[in-house]
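Just remember that the working numbering sits 408 ahead of the position in the sequence shown, which is counted from 1.
Keep in mind that the hints were calculated from the coordinates and are not lab data. Note that this is a predicted model, so its numbers are computed, not measured. Idealized CB from N, CA, C, for every residue including glycine. Hints are not guaranteed to be accurate.
[To be verified] Think about it this way: if two alpha-carbon atoms lie no more than 30 Å apart in a straight line, the pair counts; the simulated DSBU-like pairs of lysine-lysine are:
#	residue 1	residue 2
1	LYS468	LYS549
2	LYS468	LYS555
3	LYS549	LYS410
4	LYS555	LYS410
5	LYS468	LYS410
[Claimed, not checked] Label-pair restraints from in silico Cβ distances:
#	residue 1	residue 2	range
6	SER505	GLU433	17 to 27 Å
7	ARG431	LEU508	32 to 42 Å
8	GLY476	TRP430	14 to 24 Å
9	GLY544	ASP491	29 to 39 Å
10	ALA457	GLU433	21 to 31 Å
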Amino acid sequence: MKIAILHPGTLATVQDLGRTNWRAEGIPLCGAADTVGHRIANFLTGNTAGAATIELAGGKFSAWIEEGGRLALSGAGGQLRLDGFDIAQGRSVFAPSGTLLEVLPAPGGSFSYLATTGGWDVPVILDSRSTCLPAGFGGLKGRMLQKGTC
409 MKIAILHPGT LATVQDLGRT NWRAEGIPLC GAADTVGHRI ANFLTGNTAG
459 AATIELAGGK FSAWIEEGGR LALSGAGGQL RLDGFDIAQG RSVFAPSGTL
509 LEVLPAPGGS FSYLATTGGW DVPVILDSRS TCLPAGFGGL KGRMLQKGTC
């Protein structure tokens with residue numbers, strides 16, 4: 409799956425379960441803030457628990473799907489919408505190319521996790537694909553996702 413971000417929301421990053429083996433060297437754990445939501449999104453798309461998801465924290469996220477694929481959203485922080493149709497939590501769906509993907513903020517939660525089959529493909533750095541914002545590495549160039557990022 410490949411997407412072109414139209415609006416990244418308040419905070420969108422790539423996360424997995426973090427860098428658990430590097431704490432002694434002073435490397436932050438990073439990783440998903442809500443590991444249960446992250447794991448559920450991965451389960452729904454047939455991934456291992458540690459596959460990379462897009463973590464969304466607030467605001468409206470929107471993107472065009474450039475290459476279709478299976479995806480799922482989990483976590484209390486968002487509502488998935490494809491081409492204007494709400495998709496119920498707890499299910500995976502196939503989203504074809506040319507679909508408008510939106511995640512709208514939901515009351516009662518802060519984080520949501522967007523997973524795709526196989527996980528989001530970003531480089532592995534120190535055994536993880538997680539974004540480490542304070543140090544500026546991991547995820548996609550060590551930063552929040554921005555407009556145009558695929």
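Check each numbered hint from earlier against the structure, then list the numbers of those it violates in ascending order.
Hints 6, 8 not satisfied by this model.
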